[in-house]
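Full structure from sequences and hints, please.
Everything in the sequence shown is counted per this note's numbering, starting at 205 for the first residue and increasing by one.
By construction, these hints were calculated from the structure, which means they are not laboratory data.
Just so you know, nobody snuck in bad clues.
Dumping the calculated SDA-like pairs for lysine to any residue here, alpha-carbon to alpha-carbon at most 25 angstroms:
id	residue 1	residue 2
1	K368	M350
2	K358	S347
3	K334	E255
4	K285	R342
5	K285	I257
For clarity, every value in this text was computed on a predicted model and none was experimentally measured.
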Amino acid sequence: LYSLRSFLRKALRLPSENEGVESAIEHILKSSSGLQMNPDIPLWCDVTEFERILDEVPAAERQGRPTVALALFREAISLWKGNFMDNCYLNWAETYRQRLMRRLTESLTRYGQLAFQQELTEEVLIAAEKLRSVDPYRDEGYSLAMQAMLKMKKYSDIIQLYEKSVSVYRKAF
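Here it is as structure tokens:
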């Protein structure tokens, strides 16, 4: 435990700190109940930020501010770099991973719908592509893209995407 604590203290040392100088702020605190991260140190976590941003979207939509909602969706989606703790198979991690994936797919779907309403067809295509990449069996990824392509009069692209979706579903089912 002590060697792990020492390793963590070195890993958490700020880059501007010198190797030989001890930090003025203790990152890991020792108490009678055990060790904990110092609550006075500001922490930033992409998952926490992803959820915080998505929690702001409904208020923007209720207030009739679609451009704000779209900006929030863009910001949240840009934080997604892959599955949460992909190599951790503990029940709590799997549950949280599924929850985050559900939030991502619902957000991509809503983002695409909102972009379509605002006639931002390129953004609809981006949202639909991302949705299909994280969940190739979600119908909205195909239908949003096809609706945007229809608006852009890309009829041959619609047929190709339809055939691709049929192929994906046939292989899966």
